[in-house]
Structures are given as C-alpha cells and as structure tokens.
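Visitor: Use these hints to put chains B, C and D onto chain A, whose structure you have.
One-letter residues, chain by chain:
Protein chains: 4
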Amino acid sequence: MDFSHSPDVEALRTRLLRFFDEAILPNEARYHEEIRRHREAGNVWQALPLIEELKPRARAEGLWNLFLPRSPRAPEGLDNLAYAPLCEIMGRVPWAPEVFNCSAPDTGNMETLERYGTEAQKQRWLEPLLAGEIRSAFLMTEPEVASSDATNIRCSIRRDGDDYVVNGRKWWSSGAGDPRCAVYIVMGKTDADAPRHQQQSMILVPADTPGIRIVRHLPVFGYDDAPHGHMEVALEDVRVPASNLLLGEGRGFEIAQGRLGPGRIHHCMRTIGAAERAFELMCQRLQSRIAFGRPLSEQSLWHERIAHARCMIEQARLLTLKAAWMMDRVGNKQARTEIAMIKVVAPQMACQVIDWAIQAHGGAGVSEDFPLAAAYAGIRTLRLADGPDEVHCGTIARLELARIAAMAPAP
Amino acid sequence: MDFSHSPDVEALRTRLLRFFDEAILPNEARYHEEIRRHREAGNVWQALPLIEELKPRARAEGLWNLFLPRSPRAPEGLDNLAYAPLCEIMGRVPWAPEVFNCSAPDTGNMETLERYGTEAQKQRWLEPLLAGEIRSAFLMTEPEVASSDATNIRCSIRRDGDDYVVNGRKWWSSGAGDPRCAVYIVMGKTDADAPRHQQQSMILVPADTPGIRIVRHLPVFGYDDAPHGHMEVALEDVRVPASNLLLGEGRGFEIAQGRLGPGRIHHCMRTIGAAERAFELMCQRLQSRIAFGRPLSEQSLWHERIAHARCMIEQARLLTLKAAWMMDRVGNKQARTEIAMIKVVAPQMACQVIDWAIQAHGGAGVSEDFPLAAAYAGIRTLRLADGPDEVHCGTIARLELARIAAMAPAP
Amino acid sequence: MDFSHSPDVEALRTRLLRFFDEAILPNEARYHEEIRRHREAGNVWQALPLIEELKPRARAEGLWNLFLPRSPRAPEGLDNLAYAPLCEIMGRVPWAPEVFNCSAPDTGNMETLERYGTEAQKQRWLEPLLAGEIRSAFLMTEPEVASSDATNIRCSIRRDGDDYVVNGRKWWSSGAGDPRCAVYIVMGKTDADAPRHQQQSMILVPADTPGIRIVRHLPVFGYDDAPHGHMEVALEDVRVPASNLLLGEGRGFEIAQGRLGPGRIHHCMRTIGAAERAFELMCQRLQSRIAFGRPLSEQSLWHERIAHARCMIEQARLLTLKAAWMMDRVGNKQARTEIAMIKVVAPQMACQVIDWAIQAHGGAGVSEDFPLAAAYAGIRTLRLADGPDEVHCGTIARLELARIAAMAPAP
Amino acid sequence: MDFSHSPDVEALRTRLLRFFDEAILPNEARYHEEIRRHREAGNVWQALPLIEELKPRARAEGLWNLFLPRSPRAPEGLDNLAYAPLCEIMGRVPWAPEVFNCSAPDTGNMETLERYGTEAQKQRWLEPLLAGEIRSAFLMTEPEVASSDATNIRCSIRRDGDDYVVNGRKWWSSGAGDPRCAVYIVMGKTDADAPRHQQQSMILVPADTPGIRIVRHLPVFGYDDAPHGHMEVALEDVRVPASNLLLGEGRGFEIAQGRLGPGRIHHCMRTIGAAERAFELMCQRLQSRIAFGRPLSEQSLWHERIAHARCMIEQARLLTLKAAWMMDRVGNKQARTEIAMIKVVAPQMACQVIDWAIQAHGGAGVSEDFPLAAAYAGIRTLRLADGPDEVHCGTIARLELARIAAMAPAP
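If you're matching them up, the sequences are chains A, B, C and D in order. Mapping the first sequence onto my numbering, position 217 (from 1) lands on 217, and the numbers just tick up by one. Mapping the second sequence onto my numbering, position 94 (from 1) lands on 94, and the numbers just tick up by one. Mapping the third sequence onto my numbering, position 69 (from 1) lands on 69, and the numbers just tick up by one. Mapping the fourth sequence onto my numbering, position 168 (from 1) lands on 168, and the numbers just tick up by one.
Incorrect hints may appear among the rest.
[Claimed, not checked] Pairs of lysine to any residue, SDA-like flavour, derived with a Cα cap of 25 Å:
| # | chain 1 | residue 1 | chain 2 | residue 2 |
| --- | --- | --- | --- | --- |
| 1 | A | K333 | B | A291 |
| 2 | C | K122 | C | I134 |
| 3 | B | K333 | A | A291 |
| 4 | D | K333 | A | S4 |
| 5 | A | K333 | A | T209 |
| 6 | B | K333 | C | S4 |
| 7 | C | K189 | C | R154 |
| 8 | B | K55 | B | R30 |
| 9 | A | K333 | D | E280 |
| 10 | A | K333 | B | F292 |
| 11 | C | K189 | D | A364 |
| 12 | A | K333 | A | G250 |
| 13 | B | K55 | B | H32 |
| 14 | D | K333 | D | E76 |
| 15 | C | K333 | D | A364 |
| 16 | A | K333 | D | S4 |
| 17 | C | K55 | C | K122 |
| 18 | C | K333 | B | H32 |
| 19 | B | K55 | B | A11 |
| 20 | B | K333 | A | H5 |
| 21 | C | K333 | B | E298 |
| 22 | C | K333 | C | R18 |
| 23 | A | K333 | D | F292 |
| 24 | C | K189 | D | R294 |
| 25 | A | K333 | D | R36 |
| 26 | D | K333 | C | R154 |
| 27 | C | K333 | B | S4 |
| 28 | C | K122 | C | A242 |
| 29 | B | K333 | C | E127 |
| 30 | B | K333 | B | Q287 |
| 31 | D | K55 | D | R36 |
| 32 | C | K189 | D | F292 |
| 33 | B | K333 | C | E280 |
Calculated from the structure, these hints are not laboratory results.
One chain only, chain A, in its complex shape (with noise of 0.2 Å):
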C-alpha cells in the first residue's frame, strides 16, 4: 500500500494550492455577493459570472478534469489516489469543483458516459461535458418510496417503435436548477417484471425534451444551493429516441454499481478537505477569542476536541487514500467494502468536526459570516445521498460476516 505522491500529482498540487490562494479563496465574498445580486434580481438560477471567469484560467493552467481517469480520452487521465488530494483541496470551498470541472453530478455523469456510452452519445454529451461548455444531471431517487432500497423505483421507461417514453417523478435532481444543464441521465425501469436487478435501464434525456417538468427546488436546511439546486422533476411521456439508452435494458443497475463508487469516493475526498478547514478556522477562532481572561484555545476541553478531530480526518484521509489505492488496483468492484467504508466514515467525521467548529464559533457559527453551517447542511446530507448510511454498513457486514465465516474455524 503506497500513497506516495508521483512528482507530477506533487506538482499539480502546488499549482491547485497556488490558485486557491490567487483566485478562489479571495474571491469567497464575491460569490456571495454575485448571488446575492442575482436574487434581489428576481433570478438566482443563472450561471455566476465569477465561475465563468475563473474556468478558462483553470483550463490553461492544467488545472482542468483532472477526476477523470486515464482513458483514450484522457490519455493523462489520474487515477484515484493520484486525484484525492486533488479532489480534497477543491473541496475546501464547496463552489470551487466546478471551477475546475470537477463538481458533482457532472463527474459522474461523464464517467458513465465515459465508460458506457456509444461512441455517438459521447460525441453529443461527453464532448460538450468535459469543455464545460454544459451540465448535466443524474435523475434516480424518488419521492414516494424508500431510496435506500434501488429496487423500489417507479420511473417507468417504455419501449414504443425506435422511441422509449419515461414517465415518473424524480427529486433530489442535483444541478437540474442550473440553466445550462442540457442533459440528465435517467434511472427507470424498462421490465418490472425482470430478476429484481435487471429491471432497471438508463437513458439519457435532453433537458428541453418536452413532457419534463421542473417541480421546483428542494431546500437543503435552507439552503436553496443556487444555482445549482436540488430540483423535483416530473416525467411524463417524456419520448426519445431508443438509441439513447445506456448499455442496454436491464443493465441500469450495473451501470449505477460502477459509477456510483467513484462518485462516493470523490464526495468523501471533498468532505475531507471541507472538515479540514474547518478545523483550521476552529483553530483560528479559539486563539482569537478571550472569556474568563484566556484564550479558548488553552481550555483543556478544547484541547479534547481539537486532538478528536485532528484523529479522526487523519484516520478518516488515509481510509480514503486506501479505497483510491484498492479501486486503482483491484478495481471498483473488489474495493466495494472501502468504498462503503469511506461513504460511512467521511461525512460522519466531518458532520462531528464542522460541529465543534460551529461550536468554537459562538452565533457565528450558525451564520452566514464563516462557511461551517452551510458545509454542515451539504454534509448531512451526504449521509443519506447515494444511499444513506444504513445501507453501506449493510454492505460492508454482509461482506465482512461472509469473510469471517469462510475463514477456517477457531480452534
């Protein structure tokens, strides 16, 4: 097990520190700014100027897809322990992924194009994707039923002459709030009555086709995460044509096996660095703040809380650093109990540190004035996205109870 950085993942980030420093970090407060404007302009679902400034600058400093993985594509593609510490800096600052085309659904919808798509649908959508030129969504959970348990979908995807027709509801559509989202990828159903994992298919559906209906958005503890947004959208006879479904029928729920753990792993990597600047601005505030005639910062239950949470992302980065290293050698599939693992441990660690940071910050914390209580809500809310916690400890005793018992017996 070798987490060594290559000279060029070294290089690469110092550039990715460099430009943090330069442009991402000073420009927190302008965001802001640029949404705000942009909501007492009665629209805050529209692209922000700030981004698309600083995309072309990221671009030419090779700073640009770099989740992507070697492929013909990319033939400089990174694989995934070369990318985490990539991938953690970026998380830093939530908006900053983007930046560097590198955010969340977009990756892992290119991935899947990437890796299941026809040479066709890759010229459509993978092309205009990796250039930034558009967004995209991944349209698979579902209002009325249990998303813990895949097999319960409803989105129905039905074959009629050289068209399928989707017809359901959809939510938690991340991204689908952004006006140059042009494409989603849909999960439904094309035979209910197929083996339980072999109902489901893929397709992908351009966002003007007519019949979908953006519902509205869904507020993350408030938040509205404009203009990205968490949308629900309806589906009803939505029709494309037959050559847009991904792989094949019934392989949608393979499809999602393979794309779903680099997604995770890329949230849990991002999480890391959003925990670690937290504990940076936790740090910072209790050297800064005096009560009873001491800093905070020499109280011993501090002190405590400082040692927990500089013990757990340590320990929670090198289990991630593991999952990068086994999905590059033995691939996603045998890396399934640390890709679980990880999506367990990292939000639950930085839900715990971001806490004690808000915590460290008295009324501010909770506000708008420091980044913790915003990064909480995105953050708890990874806790049930691809799959809540429940269903991953699930996965990972099953494989470890079926490991114990296939070893040979105590004597």
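Guide: For chains B, C and D alone, kept in the frame of chain A given last:
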C-alpha cells in the same frame, strides 16, 4: 417533588391541544405559503395575516399570556411547573407560541419589565406587550467578543444630563426583524471601572430612536426566520431619557441573572415539544416506508434509535419539570444548577432525536417538506444562545465540586 | 406524578444513612480483609462474619426487608416509590444490601414466593428467607442458547408420578456459590409443544437434591464475587415433589414477567447509588490531584464530564422514580415501557460515569484501592442480565410504534 | 507514504501466522490451566512451562526479538513499519508476545539499554534480556501524585560516594511479579532544584538489591495478570553503584521521551490485534446464535456495529502504520503528534469494539470462556498508562494550534 397537574392546568392542556388540532396543525402549510408570498412580493419582514387572525381566538379561549407568573397584573398567572406542559405543546410548531403571546424574546422581556420595571415603564411597554400589540427584542450579544463571558460586553451607556447615550454593536437580536418590534432592552456598560459584575446596566430603547440602524439579518443555517429575524443592530449616539434605565446603574448583571432562568426553561420546554414531534414523525415515516421487503420500523437498528430517543426525551422532560418545580419552590437562584442542567440537556437531546428523524426521512428530512431540518437549525442554535453549553457545564461543575467539597470526608 | 417522600420514608432514609456512616462505610476494608483471609485459607465460598454481625443490628433498627411490597406478611411493606431512595443508598456499597436482607436474587425470589407461592411453599421457603436464615438462587439462563429470547430454554421439567424430574444446564445462577443458598427457583419446559409462552414452568428445587452439581463459578471480568458467586449448575434427573411447582404448568413465562419488573427496578436503583458514589469519588480525586500547577478539578474538560455525569445521574434517577410510581399506580404490566427504559438507561449511564471516575483516578481507578473497577464490572454485566439492552430496546420500540400508529394521523 | 511490506516481512508474517495456528491458539486452554494449577498450588507468581517450552521454538524459527530496531547488536532488526503487522498478530493473544521475546516492558527496556546504555550495562543486562533469560521492569509511576504530569515524581536518587541511594515508592511496575524479573529501570530525581525537565534521572537497579520490597500486586479489574503482575514496590535506601546511572544525571526526561514512543506504538499495534480478534469472535458468535427465529447476524443493529467496528479498526491500523512510517523516516520527535494520536485512538477504539463483542456474547462475554473481558480490562488500562488520554490530547492540540498559528492568515 410533585409533578402532578392541577385540574385547571389539565383543562388548559386539553383546550390547548384542541386548539392545535383545529387551528395550528391544519395551518402549517398556510403559514409557509404566506411567507412565500411575502418573499416573492419582495418584503418578507412583515407580520403574517394567519398569526394575527389566530391571536384573538387564542385570547378568547383563555390561552393567552400563559407564561406569566402570578403577579398583580396576572392574578391567574401560572407557575413554572404548571406552564411546562403547555409550553411543551406550543413548542411542537415553531411559530405557534406567538399565537398565544408566549414567544421569545417577548416572554422574557415582559417578565423583566414586570419584575424590574417602574410603574411608568410598565404602563408604556408592558401593557401593549401583554396585549400582543407590539413586540420587543433583547440586545445583549455582540459580534466582536466571546459572548460566553458576559463581562466582555463593550456597548456603552453613558449618562449625559437627563439622558443616557448608547453606543455599540449588537447582533442576534431576535425578533428585531419584525416591523411591530417597538422596544429593545439593551445591555451595556455604565461604568467600565466598577467591579466586574457591576459595570453593566440595562436600558429601554424605543426601536425608532434616531441612531439605530438594522445592519442586516443573520441567517441560521440557511433560514432567515422571517419575519421574526435575528438582526445585527448598530447603535450610534442613541439618546434616551434617563428614566428608561431599568432598576439602576450597575444592576444589569443582576437583571440578566433573574431574566435568563425563566427564558432558558421556556426554551427547554419548547425544545422537548419539538423533539416529541420529531419522534412521532420518525415513527410514522418508518412505518410507512418499505425497504428490502419490510417496513423500516421492523429493523432492530431503528428499534434501538426509537428506544434511545424515547428514553432521552422522557428524561429531559422529567429534569425540566424538576427544574420548574425547584424554581417555583426555592427560587431561580437556588435552582441554578438545575436550570444549567436542562439548558445543556434539552437542546443536545433534541438535536440527536431530530437528527435520527431526519435520517429516517431520507432526503425529505433535510427539505422543507417536514419541519425537521428547520427545527434542527433552531435548536442547534440554542446550544450557543443564552450561554453556550460549555459555560453552563462550568457552572454545574463548580457548584457540584463545592457541594462535594463541603461533604464530610469519606471514612 | 408525585415523587415526594412520606415522613416515614424520610425517617427510614435518615436512619439508613446513619447506619451507612456508622457501620457500612467504616467496614469496607474489613469486608475485603475477611474475603482475603477466606481466600488464603483455601475456601472463599463461605459466609462473612461481618455480614452476619451487621444483620441483627439492621433488623433491630427496622432496616430489614424494606424491599417487600405491602402484603399480609408485610403489613408495613413499602411500595416501589418509597423503596427507591433507600435501595439507592444501599447500592452505594455492593455488599451492603444483604445486610438489610435486600439483596438480589433473594428479593426477587421472595417476591415471587409471596406472590405466586402456596401457603405451604411460603411456610417452607419464604419464612426463612425473610428471616435471613437461608439464601436462594434463580436458575433461568442457559449456556447453550441465546438468552435474549426466553423461548429458547432447553431445561426440561417432566412429570413423573407425584414428582417432577428436572434435567438441564443453567449458568449465571447468582448466589448459588453461597453455602447458605438452600433453594433454587428453576425455569424449564413442561411442554415443548404448547404455544410459545405456555411451554415454561417454574419449580422450587432444594439445593441439596441429588442430581444437582455446581460445575464451576463464572468470573465477571476477573472477579469471582465470592461468596455470592455466579455458578454454572448441572441438573441431572433431579426429582422433586409435584407440589414444588409454582402456580401451575405452563405459567413460567407469566411468573417471569411478574418477577422481573421489581427485580429490574431494584437493580436500577442500586445502580444509581453506585453511580452517585463514583461521582463523589471522582470529584474528590480531581480536587486532590495537582497536574501542571493546578488541581485537575479546574480543567474545563473535567467540568464537562462532571456536568454530563450529574445530568445523566439525575435524569436516570427521575426516570426510575417515574417507573416506580407507575408500577405502584398502574401495575407492572402497564409500566413495562418505563421498566424497559430504566433497564436500558441506568446501567449505561452508570458505566459511563464510573468510566470517567476511573479515568480521574489514573491507575488507582482500575485497582482494588477504589470500588470503581468492581462496580464497572458488575454494572456492565447488568446490560446483559435480565435481558440484554437490545431486547429491552425492542420492547420499548414496539410499544411506542404501536402507540404512535394508534394516534390520529397528522393532518 | 508507502505501507507495503517487503517480501522479507511478508515471509515473517506467514511464518508467524503459522506459529499462531500451530502453537499459540491451540494452547490457550493449556495456558490458563497452568496458571490455575499454580494458583491452586499456592503460588501463581512463577514462570509457565508452556511459555518456556515455546520460546526456543520461536527462536529457532527466527521469530525472536522482532521488535528490535536495526543496530550493531541486531543487524537484521526491523524498523517500526515492518514490525507493525507482526506485532499486531502477537497482540491477538495477550500472553503470546513473550513467546517471541517481544513483550512489554522488556521491549522498551531493551531498547532503552540499546540506545542509552554503556557497553558494560549492555553486557550485564541487555544480553540476557535479548536471550530471554531474564526479565525486567520499569519503575516510573508513583501512588501519591498525579502521574499525568511527569514532573511530579518524588522518588529520590541521591549520590553518595561511588553509589547512588534510591528512596521512593513506585507502583504499576508491570512484570515485577515474575520471579525471573532481574532488573528495574527506576526513574527518580537527582536534583529537585534543577529546571523542570532536568531534575530526573534513570538508574538500573538489580531486583535483589537490599532495601527493595514488593509491597503487593495491583489487580486490574479483578485480574492479577500473574505471573507478570503489576506491583507496588517500596525502595528504601537502595544502594547501587554510580555506574548504574543511565546516560547521566538530569537526563531521565530525555530518556523517557525517547523510550516511550516505541513503547506506545507497540502497545497500539498489539491493541489493534486484540480488537481484530474480538471482531472475529463477535462475528462468529452472532452467526451461531438464534433469537426470535433468526441468527443475530441478520439484525440491522448488529450490521451497524459490525460496520462501525470494521471502520474503526481499519482507520486505527492505518494511522498506526503512518505513525510507524514517520518514526522510521523523520524520527520519534518529529512524529510525536502521530504517536500521541495513536495512543489516544487505538485503546479507545479497541475498548469500543471489545465492548460490542462482549455484548454479542451475552454473559459468556464477561466470563473467562472468551478472552474478551480480560482484553477489555488490559486495554482500558492503556488509556491511563504511559500518559492518560488527556495528556496526549493536550500534546496533539498544542502542536496543532502552533501549526495553524504559523500558517498564513486566511485572506
């Protein structure tokens, strides 16, 4: 220790529950709808027709000013123990207490005026507050210093002839967003050279006094809590008559101590109601959702969480009743260990219970479809307001250490 | 809900506290010394002179059989609520309850006999137990099956003419190590084909019946708890008269339900006493030890732990009082949610409080110099005995889910 | 950061695992049987035939002194990273490390001698220790002062002519119960007026020097850990030649710092092995027990615990490997944050995992039928030994606060 309700309280409880069933719960959607309309119309900082419509009805049914301790002005006032079960019910819906003129910070401000105000002050401010005609705010916390140590306060209240002149910056002035908010109770220093706890004074400042500027509202997580709001307020050369001072120069700390006890226990009672409601929503959700062939409510993991939630709520309620009973019997000062205990226990308990309820709801839990995320945000803030947990833990520990030290040594 | 003590109970409490100050606490060293002497003399399984010396004194002072509910045989018996503060005091020293003839499992066995025994059975066994002349054990748990599910029991009680013949293997038969232990109440199956909860019966088995073999004692962590002991007992063709059966064939489960409520609440009361003592030891230790120039008791980290410990103890006590009050008012069956709640809450609370106390004592905490590690071991075991936490959580959850399901649906 | 094992280490691991399968695990019952026989024969403080029988075999297989860093005396010594997976395996059975001459405190004492001893001291004590012919103890902690602050030490080491005279009282002198324990390393003060960290010295004291008295053994949760034992030792006018001093007067603190790093990481490695074994036992037990018609291993509650246990163990292991890697690369001093982190993390993790395993075993879990309760007791003690958690958290926090303070301020 007798926690029984008198028949009178039992009757009030029955009436209040009926009021909830008939007029509060069925109007939750309308409440949010009115706010949404105001927001879309460009001004969310205005009173809600729904509340104004329900207030006369509550008053007519004798469900009005129930928080008020027995006094000349409130001959049928309730003591803390009697108010507890009523306040808990009100806490089930965040906006409900105002309907009964029992919402913070008005209750604390009314109690302060009743206890420490002159007859003229009462006539001028207490009467319209009791009638629900105006609202009020309490300006104590400041943005630049650690609010956990009240002696850090910087706001100055300087005598100048027959007036006092107030200069300072306050924030988390809850309720100051409401256009009906007509008066502030402001904590400041009249003598920075006096002994630590005699530097502070409290003064009544009409909201429309020149020199007052609402700088901005402070969101809590992503909620603006309009029209109530938590405001940052600048006071620049704000001049009020000397007769506006409460109780006397240097007695601000004393008033704060007397005021915060009831304010804290009311918060705790409402918090228990919020937790109880989250618990019910959690149980209902778990029974309605099927995953992997069974309702979630049959899983032993959820049994564990339901059981712990029930144990935690019930224990916090009993501790709150004990604190109320002690406040009634031996006074707020003798009950300060118990008040500190519930201030720590109730919000931590409720945050955990609500967090489990969120988890049970999946994505819906963090959205506005259920009152869970908003309740979490509000109650998380209580762990910082009116003294952070750490300060209350310090109080409890010091009192307990002194008690143990005074015991005869173990043989 | 009225938790006040009557003047009678208050008087008993005062007398009991004085007895502790005069005769229990000063004899703690002697107790361990007597056991050490017995151990070195080669037989630790014998009664202790100290206990036998104190029993008559306790009886003379009216501090005897206080656990016993009011009944023809105990006209001045105490109800659960009255017994609670007395039982808590006894729990401060693990060996103290026997001095007052209030120790487990004798209390539960006496209550079982009182409630379900025939007059002849009472004459034969209850009288000498009440007099403190003999002791008893309760044989329920078995080594080969999951004891969390009582229907798993394998021990057979087979009718044979005028006798029953018992065959089985029991363990955790607490008190069976004591040479004065004269009778066992044995749970077994009289009819393996009856409905699930009518297969079991309970029968009285004299300890000297042929076919009984004490296989070994079971240590708890490293403690043998001599001379009480937790024994593994083999029963091979153990023949007793049919009149030894309690209540009737198939009623064992019913007796168990009736018996376990009081047994559990007594354990909880004692557990709270043990936690309270650990808390006092912790505070005293922290005040006496200097590190880095200050007493440990001035560190905010210890303030946090002291505060949480105080909150946890007090809440568990109030919940236990509520459970006692309900058992007295509505009966053990109606109070089963509350009994299950304290069975989960009290031992978990005490384990945490004692663990903090151990940490405050450094190495001394895990040694025999303080009663902390032994208390931890005993109370940790309570999380498994009389039903593990998981089973009680399941009970609470099912009752709560049913209650919520029966409520009118939310509008 | 490269955690890969070299082929040599992989080969050692394979051999060690085979040794465990063939000679350690099958002898667990015999180990306890030998102790029981010794105890019944009246002297449990003697070497065990089993251990003496296995040692030559381990030595012959090259599984000997594996802990030893590369040095002139150990040309094939292993670095910390290489030793980690081997030490973890040894930790699966508490008595196993001695078989490989890798048990505490001998390993730490040997390393101290190797690093700081004179050639004569090495000849006299290190050689027989490396050969497994004698054993040793480390006398640092004292009963009367807070051991969390090492400057509290009271034991005096006074120069008198060509000798030093030692006076003091030590406890938790682990291994001093063993009759083969021939030498103590004693920490005391040579100059109470020197600067805080130059008052202490370390000196070699043969166990048979006049004036030494073993006062008693200290049980750990009821266990005497014989024949190893944790002893209280009185030193009264104990006279040794001046040449027995290690390194020089006033350098005791420096030696302690150098010594404790490796000692701590070895403890952590063994602790991870103990946790891993408890995890396996837990999984096996859950699969073998049926309650309410299903194996316990199918309950979602146990899935949650299994998953968290797996996540916690794996994270602690990775953090320990990182600490080992850093000690090897940048030295113990530069790695002190990481050493402090694992010292806090590993025992807390293992206590939680073992506690779950105990719960899964029911009553059997606290008995001697499984190695769980004994492992809990031993590892709980590690949270106090070699500096309590609180001191290590303080170290981590201070280093982190300094690091953050040195960062460029956030823009």
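Visitor: Hey, K333(B) versus H5(A), does the alpha-carbon distance stay inside 25 Å?
Guide: Violated: K333(B) and H5(A) sit about 61 Å apart, past 25 Å.
Visitor: Taking only the CA atoms, is the gap from K333(A) to S4(D) under or equal to 25 Å?
Guide: holds, 22 Å
Visitor: Hint check: K333(B) vs E280(C), CA-CA at most 25 Å. Holds or violated?
Guide: holds, 23 Å
Visitor: Sort out whether A291(B) lies within 25 Å of K333(A), counting only the CA atoms.
Guide: Holds, because 23 Å separates the two Cα atoms, which is no more than 25 Å.
Visitor: Starting from K333(C), check that the Cα of S4(B) is at most 25 Å away, please.
Guide: holds, 22 Å
Visitor: Sort out whether F292(D) lies within 25 Å of K333(A), counting only the CA atoms.
Guide: It is violated: about 34 Å lies between the C-alpha atoms, which goes past 25 Å.
Visitor: When you check the alpha-carbon spacing of K55(B) and A11(B), does it fall within 25 Å?
Guide: holds, 20 Å
Visitor: Has the given pair, K333(C) with H32(B), been kept, meaning a C-alpha gap of at most 25 Å?
Guide: Violated: K333(C) and H32(B) sit about 44 Å apart, past 25 Å.
Visitor: Verify the proposed pairing of K333(D) with E76(D), using a straight-line Cα cut of 25 Å.
Guide: holds, 24 Å
Visitor: Decide if the proposed pair is consistent with the structure: K122(C) and I134(C), CA atoms, cutoff 25 Å inclusive.
Guide: Judged against 25 Å, a Cα distance of about 13 Å means the pair holds.
Visitor: Checking one constraint from the list: CA of K333(C) to CA of E298(B), max 25 Å. Satisfied?
Guide: holds, 23 Å
Visitor: Does K333(B) pair with S4(C) here, judged by a C-alpha cut-off of 25 Å?
Guide: holds, 22 Å
Going through the hint list in order, the structure does not satisfy hints 5, 15, 18, 20, 22, 23, 25, 26, 29 and 30.
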